[in-house]
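Place chain C on chain A using the hints.
2 protein chains.
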Amino acid sequence: MAGEKKGLQLLDFWVSPFGQRCRIALAEKGLPYEYLEQDLRNKSELLRRSNPVHKKIPVLLHGGRPVCESLIIVQYIDEAFPAEPGLLPADPYARAQARFWADYVDKKLYDCGTRLLKLKGEPQQQARAEMLEILRTLDGALGDGKFFGGEAFGFADVALAPFTAWFLTYERHGEFSVEKECPRLVAWAKRCGERESVAKNLPPPEKVYEFVAGMKKRFGIE
Amino acid sequence: MAGEKKGLQLLDFWVSPFGQRCRIALAEKGLPYEYLEQDLRNKSELLRRSNPVHKKIPVLLHGGRPVCESLIIVQYIDEAFPAEPGLLPADPYARAQARFWADYVDKKLYDCGTRLLKLKGEPQQQARAEMLEILRTLDGALGDGKFFGGEAFGFADVALAPFTAWFLTYERHGEFSVEKECPRLVAWAKRCGERESVAKNLPPPEKVYEFVAGMKKRFGIE
Numbered sequence: 001m002a003g004e005k006k007g008l009q010l011l012d013f014w015v016s017p018f019g020q021r022c023r024i025a026l027a028e029k030g031l032p033y034e035y036l037e038q039d040l041r042n043k044s045e046l047l048r049r050s051n052p053v054h055k056k057i058p059v060l061l062h063g064g065r066p067v068c069e070s071l072i073i074v075q076y077i078d079e080a081f082p083a084e085p086g087l088l089p090a091d092p093y094a095r096a097q098a099r100f101w102a103d104y105v106d107k108k109l110y111d112c113g114t115r116l117l118k119l120k121g122e123p124q125q126q127a128r129a130e131m132l133e134i135l136r137t138l139d140g141a142l143g144d145g146k147f148f149g150g151e152a153f154g155f156a157d158v159a160l161a162p163f164t165a166w167f168l169t170y171e172r173h174g175e176f177s178v179e180k181e182c183p184r185l186v187a188w189a190k191r192c193g194e195r196e197s198v199a200k201n202l203p204p205p206e207k208v209y210e211f212v213a214g215m216k217k218r219f220g221i222e
Numbered sequence: 001m002a003g004e005k006k007g008l009q010l011l012d013f014w015v016s017p018f019g020q021r022c023r024i025a026l027a028e029k030g031l032p033y034e035y036l037e038q039d040l041r042n043k044s045e046l047l048r049r050s051n052p053v054h055k056k057i058p059v060l061l062h063g064g065r066p067v068c069e070s071l072i073i074v075q076y077i078d079e080a081f082p083a084e085p086g087l088l089p090a091d092p093y094a095r096a097q098a099r100f101w102a103d104y105v106d107k108k109l110y111d112c113g114t115r116l117l118k119l120k121g122e123p124q125q126q127a128r129a130e131m132l133e134i135l136r137t138l139d140g141a142l143g144d145g146k147f148f149g150g151e152a153f154g155f156a157d158v159a160l161a162p163f164t165a166w167f168l169t170y171e172r173h174g175e176f177s178v179e180k181e182c183p184r185l186v187a188w189a190k191r192c193g194e195r196e197s198v199a200k201n202l203p204p205p206e207k208v209y210e211f212v213a214g215m216k217k218r219f220g221i222e
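If you read the protein sequences in the order shown, they are chains A and C.
So in the UniProt record's numbering, spot 146 of the first sequence is number 146, and the numbers just go up one at a time.
So in the UniProt record's numbering, spot 12 of the second sequence is number 12, and the numbers just go up one at a time.
Only chain A is shown next, with the shape it has when bound in the complex (with noise of 0.2 Å):
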């Protein structure tokens, strides 16, 4: 089954960060798949029997088997097709510290985003300064390297690339701008966006914007 190119299908919903890692993995990989859409207010019998533990997208399907988990579908996608490029560099340390920043990502950047476009007043304003601390972060752990890993576009770059794409949103709500706070992160974003991969799979930061007040609009946060 590994290898063979046939068969790939992503269970996905067009403005999720993480379904966009997915996409982004098989662009980079060159591999043609079947996009499939989710509504996710009525949950396909497609995704319920493919993701039974959490019913979320993405889900890959290769084969009709599942893979379930953005970070462990990137992974996945740059096992079972090892041909260049790779995803995650060979040296064992570089591997490391490639899923310490895709996890940093994951347990930090995604949760206090949430927050900061939810909440108000005093909490929200301890998740914009959690929020810049954690952008500042990633800028230092950048430092002047072109990607996360050096030289290529590799797995961390992946992980944090669809939120480039929120950037503009966390800017509205927390009333900051990323470029004055993270310069070197803003040049990255620029490099990453640069790549076709990239390019073609994120939305633009205005209909990420929208997508948001859509929300907050339904569920009655003004």
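A hint or two may mislead.
One copy or two, it doesn't matter: identical chains are merged, so the pair holds either way.
PhoX-like cross-link-like pairs, simulated, lysine-lysine; straight-line CA separation at most 25 Å [said to hold, decoys possible]: (1) K6 - K207; (2) K43 - K180; (3) K55 - K107; (4) K207 - K217; (5) K216 - K180.
Think of the hints as simulated: they come from the structure by calculation, not from any bench.
Quick look at chain C alone, frame taken from chain A:
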């Protein structure tokens, strides 16, 4: 550096299931290391310097270079010392499955366990119901397999095994029997406990219970 067995040090705390994962992985690989017990109420300069982002144990130092986050450490150990036995299987799909269950333990079991121990009344009853669902899901995933990956003790087993020392504490707080609810999981825990790597690195369940009771007393939770 990879494959160099000298200069392995583990910054850890005796009761931590996350630290125990690393100890089990090191023991499975037959790797000697220096164990450095940390005082988490007065964090050492070495811990702060080695894990500046999270400032948490466990940290594995290999020739002075730090690797953080327990599942990343276990994968590092597996990749830097690839001699048999491998903790992750060779097949990409089987690797994804092992990572899925390890990730499930991280995302669900630990957090739910903490709530079960800390809360009272209705919120605790909610945590109790969730815990039973989590344990049943793991019992179902194991099925009639010897280990999570089948015949061989591997990555998902390493991730979950330390929590078996917490089952007694969960049972006493939640007033349920893991054996009654999940007999296959308990049989699996016994099989894990027969391995030297696990037996030598897990604390007696009564010690975990005493530790939790001490923590609750200190934080004024009766």
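For each hint, the structure was consulted:
{"no.": "1", "hint": "K6 - K207", "in the structure": "neither (32 Å within a copy, 53 Å between copies)"}
{"no.": "2", "hint": "K43 - K180", "in the structure": "neither (41 Å within a copy, 33 Å between copies)"}
{"no.": "3", "hint": "K55 - K107", "in the structure": "both (20 Å within a copy, 14 Å between copies)"}
{"no.": "4", "hint": "K207 - K217", "in the structure": "within (15 Å within a copy, 50 Å between copies)"}
{"no.": "5", "hint": "K216 - K180", "in the structure": "neither (27 Å within a copy, 44 Å between copies)"}
Checked against the numbered hints given earlier, the structure breaks hints 1, 2, 5 and satisfies all the rest.
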